[in-house]
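This is what each chain is made of:
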Amino acid sequence: MNEKIRIAGVFKSFKSRRNEESVAVEDINLTVQTNEFVTLVGRSGCGKTTLLNMMAGLLRPTDGSILIDDQPVDGPGPDRGMVFQHSALFPWLTTAGNIEFGPKNQGVPKAKRREIAQELIELVRLKGFENKYPRELSGGMQQRVAIARALATDPEILLMDEPFGALDELTRSEMQSELLRIWQARTKTVIFVTHSISEAIFLSDRVIILSPHPGRIRKEVVIDLPRPRQLASQEFLQYYEEIQSAIF
Amino acid sequence: MRFSNLTPTGIASRLIDLLIGIVTLVAIGALWEYLVQNGHLNPYFFPPPTEIADELEKITTVGFPRGVTIFSHIQATVLRILKGYAMAAVLGIPIGLFVGSRQFLDRAVMPVVTFARSVATISLLPLMVAWFGVGELSRVLLVFYGCFWVIMTNSAFAVKTIHPQYIQAAETLGASKTQIFFQVMLPASLPRIFSGMKVALGLAFLYIVAVELINAEEGLGSLIWEARTFYRSDTMMVGLFMLSIFGFALAQGLDLLEKVLLPWAESLEEIER
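These protein sequences, in sequence, are chains Y and X. Under this note's numbering, the residues of the first sequence are numbered 67 to 314, in order. Under this note's numbering, the residues of the second sequence are numbered 21 to 293, in order.
Accuracy of the hints is not assured; some may be wrong.
As the list claims (entries may be wrong) - DMTMM-like mimics (lysine to aspartate or glutamate), calculated; alpha carbons at most 20 angstroms apart, straight line: (1) Lys197/X x Glu202/Y; (2) Lys198/Y x Glu53/X; (3) Lys218/X x Glu278/X; (4) Lys279/X x Glu202/Y; (5) Lys197/X x Asp145/Y.
Stated by the list, open to error - Among the chain Y residues that face chain X by a calculated CB cut under 10 angstroms, a handful are: (6) Leu124; (7) Pro144; (8) Arg146; (9) Gln151; (10) Ala154; (11) Leu159; (12) Phe167; (13) Asn171; (14) Tyr199; (15) Glu202; (16) Gly206; (17) Ala218; (18) Leu236.
The set of hints was computed from the structure by calculation and includes no laboratory data. As the structure is a computational prediction, the values presented were derived from the model and not from experiment. Just so it is clear, CB atoms sit at the ideal spot from N, CA and C, and this is done for glycine as well.
Hey, can you work out the whole structure from these sequences and the hints?
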């Protein structure tokens, strides 16, 4: 496997209005392999979203470097698809319109982007909902559209910021299985942010545990279990305890 | 799923609402007529519906003043409104979007805007007349002035309050600044721009009537004012009803336009004035 993302000595601090500096993340070092599924877990304030936004290029590190394929990140780009917690779908576009947004602005011709959208709509199982607006869709369906939209530019990396955090428990576990299916169908490098330990174990190859104030990497746990994983299995629970004790 | 007002039951319930509204209006009219015919109300101050209808017929055929029919009055008023209002929209929307999307400009311009729109529009009429004469121009410009600030500030506010995640999402999808402006910021602003336009339309009617009351020969406002000189409350009522009918029709037209152009938007409840 090749190295896809290298985060070296990254610091990020924010200035408040009164010019007080607060450190969001401190001395983060992390490498992610191509097609690896890595999850960042930790309590609120541990900087996991900040770290994700820096990989997306929406924020710049105060110090240190983030390399993707050995190139420093310079702003957001369609090579890194992003899925937000509250889908952030464009309410004025239909399902198909949202999915075609990326390709359209890259200058992909109409027929070709129709084809891309059709394929993705089938992948995320939303056939028949092509012409619905986001507000006509349920929360789970909206996140399916958001995933399809992020995949439409065919990025090699998928950045996901608590994408299932606002969903109910049943929809959430359904979406987790769906994500694994999509990930296996499209082979992407995934960085996934979550609050949920079981979600992290269920999904990832590797779990990175961050501690808050300032955000630091506290521990890394490689999940060495075949998929699909059984939530109630002995090994699952052992991982759960290991991660939980690292968080608290 | 959530477009409940377009389902068959939704349409039926709206029809029932409409019916109830019509029945109520007819009942009030009938009561009014009854009270006047039986001497409970003075017909001189409260001309009954039948008399107002007669008067409308007279103004339609003979005119009031003689030769100036109701159609000329309506045309004069509606044209003034549409001219001033269209000018306000054509200038107010782009200027508002431009100002709102630049933080520095927004800070620099907003105090001036707040002052300018706090000026009671009607009080500018003498100044407008001094600058532009007593003709159509000063009337239209007054409507323009009253509408412009509302449309412009709502457009500026619309851009300012766009959720940053829409912009971020567009950036991660590789959209350029221009693409983001036209494909994200503009559509995201439209619902609030529309609510500004609706408030401005109501104001346009308010100002044009005031202007016509003070200075004009034709127009529904001047019809009402002229009628006062002859103590003709039935004529005043005709002018009043015409104003509300056309005010209502234009507002409905704007609502319809919004539904057609923005099928995705939920109607905004809160409105900036």
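Results of checking the hints against the structure:
1. Lys197/X x Glu202/Y: violated, 29 angstroms
2. Lys198/Y x Glu53/X: violated, 52 angstroms
3. Lys218/X x Glu278/X: holds, 10 angstroms
4. Lys279/X x Glu202/Y: holds, 16 angstroms
5. Lys197/X x Asp145/Y: Within the cut-off at roughly 18 angstroms; holds.
6. Leu124: Since chain X brings a Cβ to about 5 angstroms from Leu124/Y, closer than 10 angstroms, the hint holds.
7. Pro144: Holds: closest Cβ of chain X sits about 3 angstroms from Pro144/Y, inside 10 angstroms.
8. Arg146: holds, 6 angstroms
9. Gln151: Constraint on Gln151/Y satisfied, holds at 9 angstroms.
10. Ala154: Because about 4 angstroms separates Ala154/Y from the closest Cβ in chain X, which is inside the 10 angstroms limit, the hint holds.
11. Leu159: holds, 8 angstroms
12. Phe167: holds, 6 angstroms
13. Asn171: This hint holds: Asn171/Y lies near chain X, its Cβ roughly 4 angstroms from the closest one there, short of 10 angstroms.
14. Tyr199: Nearest chain X Cβ about 4 angstroms off; hint holds.
15. Glu202: holds, 5 angstroms
16. Gly206: violated, 13 angstroms
17. Ala218: holds, 8 angstroms
18. Leu236: violated, 19 angstroms
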